[in-house]
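J.: Please work from the sequences and hints to get the whole structure.
Protein chains: 4
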Amino acid sequence: MKQVRLGIIGAGRIGNVHSQSVANDPAAVAVAITDINRDSAEQLASMHGISRVADTSRELLDSPDIDAVLICSSTNTHADLIVQAAQAGKHIFCEKPIDYDLARIDRSLDAVERARVKLQLGFNRRFDSNFARVKKAIETGEIGRPRLLHIISRDPGPPPISYVKSSGGMFFDMTIHDFDMARFLMGEEVEEIYTAAGVMVDPAIGNVGDVDTAMITLRFASGAIGIIDNCREAAYGYDQRVEVLGSKGSIHTGNRYPNQAIVSTGASVRRDLPLNFFMDRYAESFALEMRSFIRAIREDTPTLVTGIDGRIPVAMGIAALRSHQEGKPVKLSTISSTTATRS
Amino acid sequence: MKQVRLGIIGAGRIGNVHSQSVANDPAAVAVAITDINRDSAEQLASMHGISRVADTSRELLDSPDIDAVLICSSTNTHADLIVQAAQAGKHIFCEKPIDYDLARIDRSLDAVERARVKLQLGFNRRFDSNFARVKKAIETGEIGRPRLLHIISRDPGPPPISYVKSSGGMFFDMTIHDFDMARFLMGEEVEEIYTAAGVMVDPAIGNVGDVDTAMITLRFASGAIGIIDNCREAAYGYDQRVEVLGSKGSIHTGNRYPNQAIVSTGASVRRDLPLNFFMDRYAESFALEMRSFIRAIREDTPTLVTGIDGRIPVAMGIAALRSHQEGKPVKLSTISSTTATRS
Amino acid sequence: MKQVRLGIIGAGRIGNVHSQSVANDPAAVAVAITDINRDSAEQLASMHGISRVADTSRELLDSPDIDAVLICSSTNTHADLIVQAAQAGKHIFCEKPIDYDLARIDRSLDAVERARVKLQLGFNRRFDSNFARVKKAIETGEIGRPRLLHIISRDPGPPPISYVKSSGGMFFDMTIHDFDMARFLMGEEVEEIYTAAGVMVDPAIGNVGDVDTAMITLRFASGAIGIIDNCREAAYGYDQRVEVLGSKGSIHTGNRYPNQAIVSTGASVRRDLPLNFFMDRYAESFALEMRSFIRAIREDTPTLVTGIDGRIPVAMGIAALRSHQEGKPVKLSTISSTTATRS
Amino acid sequence: MKQVRLGIIGAGRIGNVHSQSVANDPAAVAVAITDINRDSAEQLASMHGISRVADTSRELLDSPDIDAVLICSSTNTHADLIVQAAQAGKHIFCEKPIDYDLARIDRSLDAVERARVKLQLGFNRRFDSNFARVKKAIETGEIGRPRLLHIISRDPGPPPISYVKSSGGMFFDMTIHDFDMARFLMGEEVEEIYTAAGVMVDPAIGNVGDVDTAMITLRFASGAIGIIDNCREAAYGYDQRVEVLGSKGSIHTGNRYPNQAIVSTGASVRRDLPLNFFMDRYAESFALEMRSFIRAIREDTPTLVTGIDGRIPVAMGIAALRSHQEGKPVKLSTISSTTATRS
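Chains as they are written, first to last, in our numbering: chain U, 1 to 343; chain S, 1 to 343; chain D, 1 to 343; chain G, 1 to 343.
Because the hints were derived from the structure by calculation, they are not lab data. Hints are supplied without guarantee of correctness; some may be wrong.
Claimed, not checked - When the alpha-carbon atoms are kept at most 27 angstroms apart in a straight line, the in silico BS3-like pairs for lysine-lysine are as follows:
hint, chain 1, residue 1, chain 2, residue 2
1, S, K331, S, K135
2, D, K165, D, K328
3, G, K96, G, K136
4, D, K135, D, K248
5, G, K248, D, K165
6, U, K331, S, K248
7, G, K328, G, K135
8, S, K248, U, K248
9, U, K328, S, K328
10, S, K331, S, K96
11, S, K331, U, K328
12, G, K331, D, K331
13, D, K328, G, K96
14, U, K331, S, K135
15, G, K328, D, K331
16, D, K328, G, K331
17, S, K96, S, K136
18, S, K248, U, K165
19, G, K165, G, K135
20, G, K165, D, K248
21, S, K165, S, K328
As the list claims (entries may be wrong) - What the simulated footprint calls covered on chain G by chain S, stretch by stretch (three residues with Cβ under 8 angstroms from a Cβ of chain S suffice, anywhere in the stretch; the number is not a length):
hint, region
22, 184-198
23, 240-251
24, 258-265
The beta carbon of each residue, even a glycine, is placed where N, CA and C say it ideally should be.
T.: Okay, here's the thing in structure tokens:
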């Protein structure tokens, strides 16, 4: 196949990241971009040499010279755009989450299936060399059969309250990455979730019905047990680590740092703080996920993060929230309600 | 005060450790030792220069030249020996646990209180320089108000099944140290416990009604949340680590290694395995706890690990077991039954 | 200033690296490329969207639409090309070394000075975040006045013998980077060099008159002392570290690794090997040095690696070689011979 | 053999350390101690249960119930005491150095050889688990044939000037340990030494003719090359590390720390300073060297640090000093002068 021709929907921060990745990959070319704010679209077009700025996503989806679209717009538009793109016969890369409503997610996935187009979800952390290394240790049997999993996932500081109100809350905007990571690493599904959570960072977060700190227990189908450690604020910055104990050994990952320098003075032996947030920490994984999507199209192979991978973490978020509300473990099999509701 | 005169009850492995510590502390002298196996007692007496071997613990408790006793005999004798020692007016160092029956523990503590003698429990890990450093970081405010606690506590391999049968099970012979550590580090009590556990190491352990792997969630009175990660087997050896996230930062500890050498070859960058079991790993803390007990007697100050510190971890074990059995969180305040019972 | 228009001379591996950097920097554009192998030039032109392939460097230097050239051709062409580019009024980025003959270097630098164009030498390691952090620690006084410097610089394996024959030898093709690093970090000049070196990796290297392993002592003007540890082969890969002891503390840097994962099994606690060679290890610094050169042109500021920075390391190489040949320390001030000669 | 009966000559700090080691080793007993300050001797006797305080070393050497002596008195007494002890038929453990005069050393070693008694020198660092691990990596071929050696050996702060005046200077009181380490690790002799040294810590040290900072190059018989990095002052404390590059890999050791805790705050990721001086850092190795001496006597095997191991480091110190004075490399084979003389 020749170069994959891409259309980009959404010219915000993540649209910029993906445009840059496409510009650096000789296997693809971005032929058009659109955004509800035309200025943003024009700026990215100029920066990354994208020749056309479309007025609407509709116009872009109707363009016959586009093979695939990158959905980088706001979350509430994802489900509909997936349906429209699928109906237009375009392959789809969509930022997570698809939606917070399982019924809407299911409609999107149905459309994708009927259209037989490819769909890849933006769980970029799967492409991080640390987590990929853990996955490999599990898959190759290097550490034997997994028994216990730790996912440490802490942000440098809480987002604005306005974001917390609209995002669906911590379990949906933050833990969702960790739910995906848990499934990805272990290669199996979670059956039951127990959430211990609270408001420890900022009472304002509690006032809008959310939590900011949690320890979430996951029971996997095999009997293995995991925990996710989440906090909206870590004074020392972005903290993203994983540890797995298996029958033959363990693997754990550390953070990434701007340098490998150690300074020793009369006060302490110290190093600089870790890379502070996801744009720096996961720069490599953003590039790799886009390359992976482009390759899946060119080589007509399955994408590495599928539609169902976009659905299950949302169901896990619903279960985690319900466990928190009810104070007891919740089985994933009972998640029939289709929307997360915060008290 | 002149040298503290000690009598040692029990000449097994832990009796040997404490005898050695006493021999190296100029502030105390071991004047007598006893054991149900007289040969063992005579051997230790010879190794550590203890002048007298008593026939029975009774004879030892009746000796007017003894200020304090070290109870290093089997667990089922602890509660009665504490009562007898207290009635004989001796200060008491007792290996953990006091008992698995809360009513028996309470009778022991009553006797100690009435006799106004000192009692110190053998939670030696409190004296480990790593955990003491974490405690200091919390107490001095170095990491701010604690939010999340991790205790990783894995053994190199499972004990014999016979031991599992008689020990009360993993929550009582292994986790009990971690329950104590959780209270010690956080400086507050646990209010609710949720246990996710299973048999992943050896089915034979499950056959006698015990588990070998667990992730235990602790909710503290302040709202802070902790987890204890336990496994009866870690292929790489003894694994004892702690991590606390606070409002101003975090602290975590690593394992101790026989050396600080790193070997780099064409295969990997590697180091030798950590110190393999508690006798090596906690050698320092065993010495420090005994010194602390001797100092408490000489200076007439409270012991650093009291009777109630011996009681609460047992109640926590009962709660953890019940949570495991019932599959839901258990409040500590509901622990009225006085004995742990395994199904 | 608008975009800097660049011409690239040499389409080999390093020409490719710099073409990519230019393509990612919106402040510059590569307008032409040339190579003695036209196919190579055309391939890079196609990959990086360079519109024109020039037949000769002369044609490129005569192009009025070119502001600056990147000299990425073989070392023996550097000195002449610098002279020609300067006379053509082009700013110059030149890969190291300029030449092995001090007289030829001086003629190049004279031409640059007369033409008042900018010259930057390709000592990319100065832009590595580790070494930049060490430089900062020294400049800001974080570790006080420097006393002792270690530069560890080991390659994964020796180059082909043909390369060793033509490169000028280890002191000129490998240590030259470390000589630059020594001056860069310490911010002062070396006055005397003592070389202890030998052939330990491959006798064939000795047969062509070179060494493959060395410990080179540097005495700085301030009295500080440094050593450079060089070996053509390290079984575990590319090893690039620095350590400085100062009056208030020390700083040392570690290698860079493909991931931050630690695997613990019954055999060892290990991690994967470091990034294996300079294209991976110094990827970031290659991009930053090019951005720095482009910025110097746009903002009309001095380049961060000047012509004299290209001359002195060659003089140091001559001194190091002479010290090795004579078995005694050599003062830099005595380097009047203009060419390195190997016995 | 039954318990080895030891006499201790010298009740200072190091006499105390060895007395403690003997007290903890059931294979030996200290039966007498002497010191020119009788109070010191009586104090140690009381602390460690040594039954007899001798008036003079003569009295002690004449005691028929003593198998071996530990010479812990001041350096200027070592050579004569070795001769006297050998003539009295006692095995000898002697603190380093034997003397600074090669002729006097030779007379001592002659006496030992004629008397066929055992002599062990107090190079305790050989028994440190880190350096022993490096030795093992070399001996077993784990890292192949050694090529380059680094010994980093820095003190927390300079000794009093009075000590510097009488000690023979840095090469004799500090580097002597590193000279021994170099020979011990590499298992071969140094043939040539080049010293680059200066006064960077305190001008008063220079005023009495000594240096306080040095980088010393060692050429081994095999062609391998080493450096010793010495400084009288490291702001962050006692720094004792080793690194060896071999044909199959490398090994390096780190410092020892009071704990393995890492604190992360908004300022840095840090740990506490390393163990601050040799009494803490090498506590283990002091105990092991004494156990090794006692075992050599009981089992009638050679000591692990012999008389010649005491002589050669002094010759190396003389060569290092001469290299410093003359500004050029010095061959060990030319060290015929028997005394170190500082200008």
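J.: Going back to the hint list, which numbers does this structure go against?
T.: Violated: hints 6, 7, 8, 13, 14, 19, 22.
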